[in-house]
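Here are the chains, one letter per residue:
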Amino acid sequence: MRGAGSHLTAPPVLVIEPSRGIGSLRLAELWEYRELLYFLVWRDLKVRYKQTLLGAVWAILQPLATAVVFTLFFGRIAKISSDGIPYPLFAYTGLLIWTLFSQGLMQASNSLVGSANLITKVYFPRLCIPVAAVIACLVDLAVAFPLLVALMAYHRVMPVLGLLALPAFLLLALLATIGVGLWLSALNVRYRDVRHAVPFLIQLWLFLSPVIYPASLITPRLEKLGVPGWVLGCNPVTGAVEGFRWALLRPDTNPWPLVAASTASTFVILVTGMFYFRSVERSFADVV
Amino acid sequence: MSEAVICAQGLSKRYRIGNRQRATTLREGIIELARAPLRLGRRSAPETIWALRDVSFEIAPGEVVGVIGRNGAGKSTLLKILARITEPTEGRAEVRGRVGSLLEVGTGFHSELTGRENIFLNGAILGMKRAEILAKFDEIVAFAEVEKFIDTPVKHYSSGMYLRLAFAVAAYLEPDILLVDEVLAVGDASFQKKCLGKMGEVSKSGRTVLFVSHNMPAVRNLCPRAILLCQGLVHSLGPTDEVLRQYLGMSQTQEASPARELYRDANLGLAIRAFQLLNENGQVVPVLETGRPATFRFVVETTNRRANVTGSVGVNSLIDDGRICVFYSPLTGSELALEPPLTNLDCHVPKFPLMPGRYRLTLKLTSGAQTLAYIPAAVEVDVASGDFFGTGRLPEAPWAGHVLVEHEWRHDPDHVK
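Line order of the protein sequences matches chains U and Y. Quick note: the first sequence uses the working numbering, first residue 1, plus one each step. Quick note: the second sequence uses the working numbering, first residue 1, plus one each step.
Derived by calculation from the structure, the hints in this document are not laboratory data. Incorrect hints may appear among the rest.
Said to hold, decoys possible - Here are the in silico distance ranges between beta carbons for each label pair:
(1) Glu17/U to Pro224/Y: 26 to 36 Å
(2) Leu342/Y to Asn117/U: 36 to 46 Å
(3) Ala165/U to Lys148/Y: 51 to 61 Å
(4) Glu112/Y to Phe73/U: 33 to 43 Å
(5) Asn117/U to Gly322/Y: 43 to 53 Å
(6) Glu174/Y to Leu61/U: 38 to 48 Å
(7) Pro239/Y to Asn117/U: 34 to 44 Å
(8) Arg195/U to Glu3/Y: 43 to 53 Å
Glycine included, C-beta positions come from ideal geometry on N, C-alpha and C.
Start from the sequences and build out the full structure, keeping to the hints where you can.
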């Protein structure tokens, strides 16, 4: 009889059995482990900039240096249009979102394999690992953001009411990154090819996204071919970047068809990604 | 009787092994897929192994249960299933209460982070809330004895400090059910003692503990009940003394493990078909007993006769891998030879002197100047507690070192008046 009555409320009963079919996403559990998520993000950030000379400055340097190169080659030399926005500003806004996406994918895709020692030794919702990796990249974006404000001030671009929609576009970018990241991280556990494919994939994806060029450069050509312009938005980065720029800089564009398409594609990628992740999660410890 | 906190029913776990492993790169996956239609009808069954087969048991609240068995008996797999790290292939288990698993100390430690940072990270990974860690922080640091280095990255820690800190975090985890796997197989003697002490404390505080170990005295001390696993099956379940007796009596044939060939050199035409442990009655046993006669047996297959053979068995500690002793035929002046096709080469130890625990053996055979076989860390051997001195007493584990030496205490007769 020892131990009986030591709990005022009966402890929850956990049932362990082979899972069948698709199963549920168990998002409530993810919420329960939010502190672990916080610590994983914090660890990723701490570790990334330990023993570096410049520390968090790297978070600014990466999009900044790329923006400078883009401005020189695409703004000055190739003279790509930028919806009437000064090209440096145009490139930097796009690169903020792009850096979140590309870094997020890089970190997330390797995150599970890199945490093999955790996965084989202790239980927690595995979703925490790639999600934490992506959120850590969001913090990098926050660090690089003040420079954008400075750039806007320099180019005398006043913020507009659209600014209120900014968090929504950031969320869209974040969810898109998590969605693709979940797919890649789970695939990488079984097929290590993913590790080699990701850098290549990211390079291609950059050219498919309106980072260097505005979407308005492509949509008229598509429409001439009889393809509706919003098709570009199937790439979730397109809607996020165009929306982000619109909210901040108010160019003379209508990003909504793209945003709508990107929201839909993000939703599809995210939900399928989570279900795929959950369905292979059970075998991670045996395969990784 | 109060309701069981752990109730396992028919737990089974199957692993794939061998060359029919699942494709691990996309290319293999595609090749396999492309070949699949050709293989229809004559598809060979994938090689699988049941690491755990139909395991059922119940554990009442507050019970401390030892899980014993040889390597590969399924002990760790059982713990991993209960800790939800891996899923069972069949069966189910019901677990009541918060589960803490300690399958390895220092899980999730990051070498670049400081001791302080790692305490929080490791605590969170083991399932502690931030507030809980904050409340216990000072105790954890004190237990680990790392106050001075708490803000130093753990990569600069000595291995002892690292282990102490890692165990300290885990020791202050307060789950309803604690699963512990072989934590004590690491660290120096004083650390092991500390861990055992803490384990005893935990078990006295009324929590349920499942404890996997090769340390037989520790199992005997801590666990009133034990489960003996053998080839993934529950061999026996009951009072620890009884289960341990069965474990020690279990012969290798009973265990039906495929005789593992240790070594083969086709050029030399020589193979070590098996390395066996024999008790005083010449029976093959899985475990040796301190203080009893014991025999190491090389079963050697050779194509031609070999003279001037020397055999050596080196015994190393699992804790620091230091050499403890050697059994070396030239020392005893034994003249040995190997005859085709099979020779049993025996090394007889009249009174086995090693303390209870696990040891790693390095095996070597030479013929004249030629090395026939050299297998570092060939096998691990369990030594069970026994009555070395005929007094029913053995020294305490970490304090005694590894080897027991016969001796006697008396007064100097000249001064006895």
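Hints, verified against the model:
1. Glu17/U to Pro224/Y: 26 to 36 Å: 29 Å, holds
2. Leu342/Y to Asn117/U: 36 to 46 Å: 44 Å, holds
3. Ala165/U to Lys148/Y: 51 to 61 Å: For Lys148/Y against Ala165/U, whose Cβ atoms are near 52 Å apart, the range 51 to 61 Å holds.
4. Glu112/Y to Phe73/U: 33 to 43 Å: Check passed, 37 Å falls within 33 to 43 Å.
5. Asn117/U to Gly322/Y: 43 to 53 Å: 26 Å, violated
6. Glu174/Y to Leu61/U: 38 to 48 Å: Roughly 45 Å apart at Cβ, these two residues keep to the hinted range, so it holds.
7. Pro239/Y to Asn117/U: 34 to 44 Å: For Pro239/Y and Asn117/U the Cβ distance comes to about 37 Å; the hint holds.
8. Arg195/U to Glu3/Y: 43 to 53 Å: Since Arg195/U and Glu3/Y have Cβ atoms about 48 Å apart, the given range 43 to 53 Å holds.
Violated hint for the displayed structure: number 5, the only one.
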